[in-house]
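Residue numbers (this note's numbering), protein chains in the order written: chain U, 4 to 502; chain A, 54 to 549.
Any given hint might turn out to be false.
Unchecked claim - Partial selection, computed: residues in chain A whose CB lies under 10 Å from chain U:
#1 Lys63
#2 Leu70
#3 Leu71
#4 Leu77
#5 Thr81
#6 Thr83
#7 Leu84
#8 Phe173
#9 Arg221
#10 Gln225
#11 Lys228
#12 Leu230
#13 Gly231
#14 Phe235
Stated by the list, open to error - Simulated restraints, written as ranges between beta carbons of each label pair:
#15 U/Met108 with A/Arg86: 53 to 63 Å
#16 A/His80 with U/Ala441: 35 to 45 Å
#17 A/Arg86 with U/Ala441: 50 to 60 Å
#18 A/Val280 with U/Cys192: 32 to 42 Å
Derived by calculation from the structure, the hints in this document are not laboratory data. In this text, all values refer to a predicted model and were calculated from it rather than measured experimentally. Even for Gly, the Cβ is constructed at its ideal location relative to N, Cα and C.
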Amino acid sequence: MTLLDFSKISYLSLEYFVLVGVSLLIYYIIGSLPGRIRKFQWLVLLVSSTVFYYLVIDREIRVFLLFIGTIIISYLGALILSSTSGVIRKVLFIFVAVIAIAPLMIVKCGVLIRPFFPKDLLTITNFIIPVGLSFYSLQVYGYLYDVYKKKITPEKNILRYFLFVSFFPHIVQGPIARYESLSKELFCCPQYDERKVVRGFQLIIWGFFLKYMIAERAALFVDAVFDHYKAYLGLFVLIAGILYSLQLYTDFLSCVCISLGIAEMFGIVLTQNFERPYLSTSIRDFWRRWHISLSSWLRDYVYIPLGGNRKGVIWKYVNLMTTFLISGIWHGNGYRYVAWGALHGVYQLGGGGIAGGLIGDIKKSIGIKTGSTLERCVDRLVTFLLVMIAWIIFRADKLRVGLSMVGSIFTVYNPWILFDDSLLRLGLDWKDWIVLIASILLLFKVEELQERGQVIRDRILDQPIWFRWGTYLACIGVVIVFGIYGFGFDAKAFIYGSF
Amino acid sequence: MGVVMKKVIKPVAFISLLITLVWLLNHTLTLKRMYDYFEPHTETFRGFYQMERNTVDVIILGSSHAGAAYNPEEMYKETHIRSYNLGSTLQKSWVSYYWTKEALKYQSPKLILFDCFYLFRNGDDEAAARLALDYMRMGEVKLEALKTQMRLYENEKEGVENFIFPFRRYHQRWKELGERDFTWVEDEAETSVYKGYWFYNNVVPVETYEPLVEEELGTDKAKLNDVALAWFMKLDDLCKENGIKLVLINSPSAAFTNEQHNAVAALAADIGTSFIDFCMSDVDAEIRIDKDKDFFNTGSNPHMNQSGARKVSRYLAHRIIEEGWVEGCQDSQWEEAIDFSNGAYNDFELKNTNDFNDYLNLLKNGNYEIFISGYENAKGKLNAENLEQIKNLNLDFGVKEEDTAYIAITDGNNASFERSSGVSEKYECTVRGDRVRVVMKSGKDRAGIISSIKINDLEYSKNLKGLNIVVYSMYRHCVIDSVNFDTTIDEITCHR
Chain U
4 MTLLDFSKIS YLSLEYFVLV GVSLLIYYII GSLPGRIRKF QWLVLLVSST VFYYLVIDRE
64 IRVFLLFIGT IIISYLGALI LSSTSGVIRK VLFIFVAVIA IAPLMIVKCG VLIRPFFPKD
124 LLTITNFIIP VGLSFYSLQV YGYLYDVYKK KITPEKNILR YFLFVSFFPH IVQGPIARYE
184 SLSKELFCCP QYDERKVVRG FQLIIWGFFL KYMIAERAAL FVDAVFDHYK AYLGLFVLIA
244 GILYSLQLYT DFLSCVCISL GIAEMFGIVL TQNFERPYLS TSIRDFWRRW HISLSSWLRD
304 YVYIPLGGNR KGVIWKYVNL MTTFLISGIW HGNGYRYVAW GALHGVYQLG GGGIAGGLIG
364 DIKKSIGIKT GSTLERCVDR LVTFLLVMIA WIIFRADKLR VGLSMVGSIF TVYNPWILFD
424 DSLLRLGLDW KDWIVLIASI LLLFKVEELQ ERGQVIRDRI LDQPIWFRWG TYLACIGVVI
484 VFGIYGFGFD AKAFIYGSF
Chain A
54 MGVVMKKVIK PVAFISLLIT LVWLLNHTLT LKRMYDYFEP HTETFRGFYQ MERNTVDVII
114 LGSSHAGAAY NPEEMYKETH IRSYNLGSTL QKSWVSYYWT KEALKYQSPK LILFDCFYLF
174 RNGDDEAAAR LALDYMRMGE VKLEALKTQM RLYENEKEGV ENFIFPFRRY HQRWKELGER
234 DFTWVEDEAE TSVYKGYWFY NNVVPVETYE PLVEEELGTD KAKLNDVALA WFMKLDDLCK
294 ENGIKLVLIN SPSAAFTNEQ HNAVAALAAD IGTSFIDFCM SDVDAEIRID KDKDFFNTGS
354 NPHMNQSGAR KVSRYLAHRI IEEGWVEGCQ DSQWEEAIDF SNGAYNDFEL KNTNDFNDYL
414 NLLKNGNYEI FISGYENAKG KLNAENLEQI KNLNLDFGVK EEDTAYIAIT DGNNASFERS
474 SGVSEKYECT VRGDRVRVVM KSGKDRAGII SSIKINDLEY SKNLKGLNIV VYSMYRHCVI
534 DSVNFDTTID EITCHR
């Protein structure tokens, strides 16, 4: 019997970090060899990525073949695209793109297209959903579109292209990479750089902190309320909504931190996916900071190709709504996701144009000065509340349930639950609440410093070794002792991994 | 050198520190119950590893019945049998098998006593099986045992790391961490004095206990559990391979039936060994189990308390010698723990004594810190003999007729504080190396007359008329008794 069981590998498992450790060792051994050998350094990443993907799909050969099929079709399609022009080029692009993202379309639009297809067909498609489908499909589409638009030249080496699609730190949950930027990182043959490795390590620790100290702890309360939505109304929903907003953010951010951290240990810089979204002062600002790789993908491959704001105000709004509806559909197979996307579209239209002037007038009438700290605080609070309401619909079992839960915030009066220990009986006792609140405060303190342009990781790196190591060990110890994980809890999966 | 330092030595040094941290947290967060009265579980297994190699001649296996009934120190006192009790809560025979395998790495026992209670069941209590393996040292045997555990309970997907790194299972314990979680290094030495025995102090009458009579046994046999039997046969093979005598035993029980006896006796005959059934009337005639005094609990499966265990262990010690299975041998490891064992029996007697003079006499044990707080006039109707017994605890007890407050602290030989007055008294101190906080009050309070003894902020005083006494055991690190003797009436009455 061995300690490691690779059949249950995930981004949080010991097996994954063993894979990373071994890959790092070989990667940098090759990196220290002469140039003609070193240029094959990326092959280590290719092997690791292939092994990881094969393991993470539980050695399901049909899923693996579907994944490889998508890569081969898009690879060949891009090569042929580059040698065609005119209508043929356009038709070929549409043909290849549709084939490449067909599995994603079927999975995501299942509930919407169900009436038009035999029941059995959808059952089959549910059975073979590949891990990371939502992310690598967008990556492949973006690659094909960029080749079609001649922004990039197609990759000739299929193994290099395979690595671009399958790069293991981000295959399951993003960030969604662009070939133009990621290819420069993947094939640059870096040598061992202690500073980069440690910076990556710092991000991994932070990722675990976010996941186990905030996301998983908040989930205990959130699940208790959302799983019994008929019993918990009013203030319960408001608190669960706030916690779910934080849970979703920290859960996703933690995975991104771990992905970015591991990539950085390999000397590869992935794009940032978050820029402190809950410090946003408007919905538009929120979408500049939340899931940046998806937002920018939707902007570049949906909104702008649809015409963006180039065809007048009406078409701008139509395109915006279309983009947000697609964003909603991408997140999941259900009407509540569509509604969530639509709601954000409405927020954009309201805040950005139709009601923008009105909001300014209201602020002026109640004495909030433009550009003041108070205005920034009010804007942040209002933005957070709007985002939170959308998240409640997003998290609820069904659209109808979500709407009723949101409604109860405004119609059910139960402020006494703040004082009669009701909140201590829903998965979190008072000690958990203290740890949760302290962790959230720490998160916001860090974000505030980042907002001011400070790079905390670099500041720690500039300290003496005893301080650095003491900090790392203390953080790891805190997560081990106070984190929510292990026996009795299911903290293995990330929320966004299921989108 | 600089490059090597950067690329190799620093990462290795950091990883070493990280492993040390994880090791420390593993130990800190793991459940500790050695000082608990109810089922100390397998923490005393730590002590097994402290025994000198090849000195344990007899190993006792089985469930809680075994843990509570067979006291190795008592056996040693009788015939110098060197035994260790590896019984654990709900111990299944597969757990017994792996613990035997583990034990053979360190010891070469001549006799294994297997309590048969779990031959009739395999149980689905996964937590107990986990607890039994917590303190087994990491190695091939433990990994094999964990694999069996995961297979039997169909939790293979959970991952072996939950078993190998106990902090993954116990990390929620940060909410209840106490002194012992931070003193496990210094407690290590104390684990071996128990020799795996569970010192139960409660006395609960078991009316339904009746020994089995040979003539009434009949021929019907109960069915042994298939899984339990299969693992027992593996244990038998293991013993035979290593030249160890395997003997089946059964502790006194009100739930053991004629059919069960017949089944175990037949099994013993099949494998060519003996079966000592303490439920049988012929054995009972020798040990004389008192159903009013020798059981710890009632219900369907009563267990022995210290009194019952003393009788069973003494008999067993002599029987082993008589059968010639093992010879007695003097050994300092058992010799040095006799005081502890006697002290533990003193605890038992103390907890079950209602006579004032006897009680005070037992307090002179020297292992206690005794806190006394008076309510109204503590002297009351105490007679000369009573006062003499109090003074034997090195207390002056100069309580006057008009005094309503009295506070005293003594270890039985030296009084560290004693005061009485007509108003009120209050005293705070710490004991056992400043680790235990004590706040005592006696006399008039805002709410009336009070007699309070708070230890680590918990009220232990009965707060009744007369003398309220709280006994803290310096060995067991806990309060072992709280009692009130009403000294204001002619016949001193005990309240618990």
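If any of the earlier hints don't hold here, list their numbers in rising order. 6, 7, 8, 13, 14, 16, 17, 18
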